[in-house]
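There are 2 protein chains.
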Amino acid sequence: MTADKIEDVAKRRGFFFPSSEIYGGMSGFYDYGHLGTLMKRKFESVWKRHFLSLSDNFYEIETSDIMPESVFVASGHLQNFVDPMVKCSRCGNTERADHVLEDVLKESFEGLTAKELTGIIKKHGIKCEKCKGQLEDVGILNMMFPVVVGTVKEAKAYLRPETAQGAYVNFSRAWEHLRRQLPLGLAIIGKAYRNEISPRNVLVRMREFTQAELQIFFDPDTIAVHEDFEAVKDCKLRLFPIGSRKANNVEETTCGELAKKLPKFYVYHLAKIQEFYLDVLKLPRDKFRFKELSEEERAFYNKYHWDIQVQMNAGWTEIGGLHYRTDHDLSGHAKVSKKDMSVNIEGRKFVPHVLEISMGVDRNVFALLELGYRQEKERDVFELPRLLAPFDAAVFPLVNRDGMQEKAQEIKKTLEKAKFTVFYDDSGSIGRRYRRMDEVGVPLCITIDSETLGGGTVTLRDRDSMKQVHVAVSELAEQVDMFLHGARVEDVGEVVKKSKAE
Amino acid sequence: MTADKIEDVAKRRGFFFPSSEIYGGMSGFYDYGHLGTLMKRKFESVWKRHFLSLSDNFYEIETSDIMPESVFVASGHLQNFVDPMVKCSRCGNTERADHVLEDVLKESFEGLTAKELTGIIKKHGIKCEKCKGQLEDVGILNMMFPVVVGTVKEAKAYLRPETAQGAYVNFSRAWEHLRRQLPLGLAIIGKAYRNEISPRNVLVRMREFTQAELQIFFDPDTIAVHEDFEAVKDCKLRLFPIGSRKANNVEETTCGELAKKLPKFYVYHLAKIQEFYLDVLKLPRDKFRFKELSEEERAFYNKYHWDIQVQMNAGWTEIGGLHYRTDHDLSGHAKVSKKDMSVNIEGRKFVPHVLEISMGVDRNVFALLELGYRQEKERDVFELPRLLAPFDAAVFPLVNRDGMQEKAQEIKKTLEKAKFTVFYDDSGSIGRRYRRMDEVGVPLCITIDSETLGGGTVTLRDRDSMKQVHVAVSELAEQVDMFLHGARVEDVGEVVKKSKAE
Numbered sequence: 020m021t022a023d024k025i026e027d028v029a030k031r032r033g034f035f036f037p038s039s040e041i042y043g044g045m046s047g048f049y050d051y052g053h054l055g056t057l058m059k060r061k062f063e064s065v066w067k068r069h070f071l072s073l074s075d076n077f078y079e080i081e082t083s084d085i086m087p088e089s090v091f092v093a094s095g096h097l098q099n100f101v102d103p104m105v106k107c108s109r110c111g112n113t114e115r116a117d118h119v120l121e122d123v124l125k126e127s128f129e130g131l132t133a134k135e136l137t138g139i140i141k142k143h144g145i146k147c148e149k150c151k152g153q154l155e156d157v158g159i160l161n162m163m164f165p166v167v168v169g170t171v172k173e174a175k176a177y178l179r180p181e182t183a184q185g186a187y188v189n190f191s192r193a194w195e196h197l198r199r200q201l202p203l204g205l206a207i208i209g210k211a212y213r214n215e216i217s218p219r220n221v222l223v224r225m226r227e228f229t230q231a232e233l234q235i236f237f238d239p240d241t242i243a244v245h246e247d248f249e250a251v252k253d254c255k256l257r258l259f260p261i262g263s264r265k266a267n268n269v270e271e272t273t274c275g276e277l278a279k280k281l282p283k284f285y286v287y288h289l290a291k292i293q294e295f296y297l298d299v300l301k302l303p304r305d306k307f308r309f310k311e312l313s314e315e316e317r318a319f320y321n322k323y324h325w326d327i328q329v330q331m332n333a334g335w336t337e338i339g340g341l342h343y344r345t346d347h348d349l350s351g352h353a354k355v356s357k358k359d360m361s362v363n364i365e366g367r368k369f370v371p372h373v374l375e376i377s378m379g380v381d382r383n384v385f386a387l388l389e390l391g392y393r394q395e396k397e398r399d400v401f402e403l404p405r406l407l408a409p410f411d412a413a414v415f416p417l418v419n420r421d422g423m424q425e426k427a428q429e430i431k432k433t434l435e436k437a438k439f440t441v442f443y444d445d446s447g448s449i450g451r452r453y454r455r456m457d458e459v460g461v462p463l464c465i466t467i468d469s470e471t472l473g474g475g476t477v478t479l480r481d482r483d484s485m486k487q488v489h490v491a492v493s494e495l496a497e498q499v500d501m502f503l504h505g506a507r508v509e510d511v512g513e514v515v516k517k518s519k520a521e
Numbered sequence: 020m021t022a023d024k025i026e027d028v029a030k031r032r033g034f035f036f037p038s039s040e041i042y043g044g045m046s047g048f049y050d051y052g053h054l055g056t057l058m059k060r061k062f063e064s065v066w067k068r069h070f071l072s073l074s075d076n077f078y079e080i081e082t083s084d085i086m087p088e089s090v091f092v093a094s095g096h097l098q099n100f101v102d103p104m105v106k107c108s109r110c111g112n113t114e115r116a117d118h119v120l121e122d123v124l125k126e127s128f129e130g131l132t133a134k135e136l137t138g139i140i141k142k143h144g145i146k147c148e149k150c151k152g153q154l155e156d157v158g159i160l161n162m163m164f165p166v167v168v169g170t171v172k173e174a175k176a177y178l179r180p181e182t183a184q185g186a187y188v189n190f191s192r193a194w195e196h197l198r199r200q201l202p203l204g205l206a207i208i209g210k211a212y213r214n215e216i217s218p219r220n221v222l223v224r225m226r227e228f229t230q231a232e233l234q235i236f237f238d239p240d241t242i243a244v245h246e247d248f249e250a251v252k253d254c255k256l257r258l259f260p261i262g263s264r265k266a267n268n269v270e271e272t273t274c275g276e277l278a279k280k281l282p283k284f285y286v287y288h289l290a291k292i293q294e295f296y297l298d299v300l301k302l303p304r305d306k307f308r309f310k311e312l313s314e315e316e317r318a319f320y321n322k323y324h325w326d327i328q329v330q331m332n333a334g335w336t337e338i339g340g341l342h343y344r345t346d347h348d349l350s351g352h353a354k355v356s357k358k359d360m361s362v363n364i365e366g367r368k369f370v371p372h373v374l375e376i377s378m379g380v381d382r383n384v385f386a387l388l389e390l391g392y393r394q395e396k397e398r399d400v401f402e403l404p405r406l407l408a409p410f411d412a413a414v415f416p417l418v419n420r421d422g423m424q425e426k427a428q429e430i431k432k433t434l435e436k437a438k439f440t441v442f443y444d445d446s447g448s449i450g451r452r453y454r455r456m457d458e459v460g461v462p463l464c465i466t467i468d469s470e471t472l473g474g475g476t477v478t479l480r481d482r483d484s485m486k487q488v489h490v491a492v493s494e495l496a497e498q499v500d501m502f503l504h505g506a507r508v509e510d511v512g513e514v515v516k517k518s519k520a521e
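As given, the protein sequences belong to chains U and H, one line each in that order. For the first sequence, our numbering begins at 20 and goes up steadily by one. For the second sequence, our numbering begins at 20 and goes up steadily by one.
Note that these hints are calculated values from the structure, not bench results.
Which copy is meant is left open, because identical chains are indistinguishable; a pair holds if it fits in one copy or across any two.
Straight-line distance between alpha carbons at most 20 Å, and here's what the computed SDA-like set of lysine to any residue pairs gives:
#: 1; residue 1: LYS280; residue 2: LEU258
#: 2; residue 1: LYS30; residue 2: ASP359
#: 3; residue 1: LYS436; residue 2: GLU494
#: 4; residue 1: LYS357; residue 2: GLU40
#: 5; residue 1: LYS210; residue 2: GLU63
#: 6; residue 1: LYS142; residue 2: LEU124
#: 7; residue 1: LYS436; residue 2: SER74
#: 8; residue 1: LYS431; residue 2: ARG68
#: 9; residue 1: LYS436; residue 2: ASP500
#: 10; residue 1: LYS67; residue 2: LYS432
#: 11; residue 1: LYS306; residue 2: GLU402
#: 12; residue 1: LYS436; residue 2: SER64
Produce the complete structure using the sequences and hints provided.
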């Protein structure tokens, strides 16, 4: 199973496909079809529900994609947000230098300087992968897209390479609007843009992508505590610290134990991120880990930086991170803008520090599609997290007569009123309709039959186990809700079919 | 009351404010604070619920902001999406030529050619508004922002000036994914970008803004019918046709009557747009109208074009439109991409036509804030549409003892579980808490008192009438839902306070 296979299936079924495909597409740009869009919106909404509920002082804001150059002078992106690139002296093909080395030497070269990379290329005599020509010395390229605003070059600006800066430049205003109280959280879900030299791995490294980022502003004097730490102290985190790389071993460590090495405020948020993946989205435990980054690997502004990784077919893949950015950004903006970014709490004046939870929405969608894809003998299925499936449920009339279609439509409307997303289908055999829903990951099929018309029961069929149960129409909405939140199908109704055969 | 006043209030309370303000901002860019973001998300969600439910073959998709140049060659934007600009020969200040004339001569000059505008400037001897210098001849400027993608100028691209093209370039794929059935609707809610020469009117003419657009692909042979037309035929539309401009008179015309002049498929969608504003958002009827555009005024690709307008302090303002774009876009893409864009229905092969419902989300948010703003003797209030308020309701414990805070939190959680957005406040007098909620437009305040603790009632207070009623806790969620959908507060509980005095 390769990423290409998933891309192919996603394209055919309506999840995602290359952008502007009729014009040959542009490398690093993808569009979402109706199913992918439904799934992406659900990811965003479950993400917001989980992370904004960590405090009643956490809110979503929305800020511009285009920001003036000064923002990126202050943040350091103008100087430091660069990638090493290497050009072929013969054919002109340009690639990211560390990726060229990675492809040939099968190890990671992230974080090395241009000079170091040039040295390795020379030492191993590496040639252009396209034409075998001589490679030039490694250069650097800023990854931001410049934009000129106005008619007389009013302003030099850039498309933002992360959403985070929108929260930082607005911090003082949010401080006034909210309760002048720390921690204060500002989340932004929106597009970010990076002119990647070599986009790759489908939705993993794109040039235009959606980030879900939460900036938590807090008092650095309280980093060693978190008021809810007790609730997570026995939670076992799946960690891949620098020290365990040689043994290539994921360690399970309690938050209490880890807090001897890392501040509790940081550890608490690791626990909440793991909870999001393992308890809310129900990702298999062994597919998830936090990877500690070394000083060379982490972004230039991070003091602590653990990546959120899931195990995909191509290996462990970063889908987000928890970044302790210190006062790097606020102090940078204070310096460049000459505006005071400090707060005054009970006579103590200081610049808040920032802990950032950052996730790539497209990477998450892609990883969940890949992890969920199964080709079985009889069927093809996306075992997506139930809360993220394009539709929560499908409703079928068993046959198209005796008022079953009307009853099915009525049940669909009732479920929609209870805020579920429901797909209606009355064409083909029930078996075929099950297969179609399996193929797009719908977790629950609800069949209306003569029992239903008599005011009785409907049949629920679970996508993953293919088990079937009867549920009373009067209890349907409640049982669907329990099922979507993780209950086994045999616990929401009376079992009528146990086997996988249909 | 001016737009500036609304901007000032919005800025102080946390609705919206200039983007990157600490760096002096950039003209035409705004950010949303926590309240504005909540309101904008609700607008988007109510919009989707209303317009996607017009057919079970209408879906949301998500497409890239950056698109290759060929897209805009095909759509005509590269050649035609231009504004007339005029530069001062002395100070270099550049403005949109028709706006300069409008400011001085107090009439509209939209749609005139550069040559015509130059003639009028010369005739009236109009000078630079900044330095009184001589104005140069009017030139034209393409309003799209160019973006260079890749390291070796792989691709010339643009930030999209409308979301619509994303739906057109993906039409053939959606046709396969969906049911090969017309009408087929593809909605996109996302950013669009225009390098306006003179951004103005706060959120009305921005350089980066959010569009909610629905592209309805249909069979042009069926434009004279709509299967649900009977349901709207007696609906009276508020129209401002070209013929009534002199009398400056809004006409009320039934859909049946209008269908003698315009195709039923077009008229039906006018009715559904009016329903969105008057029945769903409950905008005052006299603040709403459709304005017919003349051939010179309408966009180059539209055959029928009526603007959606609301009456703001500065006059009638366009917040969206219904555009019959014919096969302009699909045929343009077929020609440039050399891909067949036609469909084959029962042996008949044709290129579908497009009807577009297009709305500016920011313009809508701004118009609704302005229309809802009242300064009364005792208070300042935003009478926002109930469904769009930042919070559906606020919950207060009457006093902070006897377990009332816990009870209030419990009721907040119950309402949140029923998918309402709820704000909790326990500081200051109840009167002050009411005022604070009025100021940010929360339509309903719920007070918990000793009656509530005994398992009895809570007090509901209506933002607009300030009436208070008692409602049983057991019926609260249901009554809140009825109220938000338009019920009068006296119809959801037992009246305890009738007057406006508090």
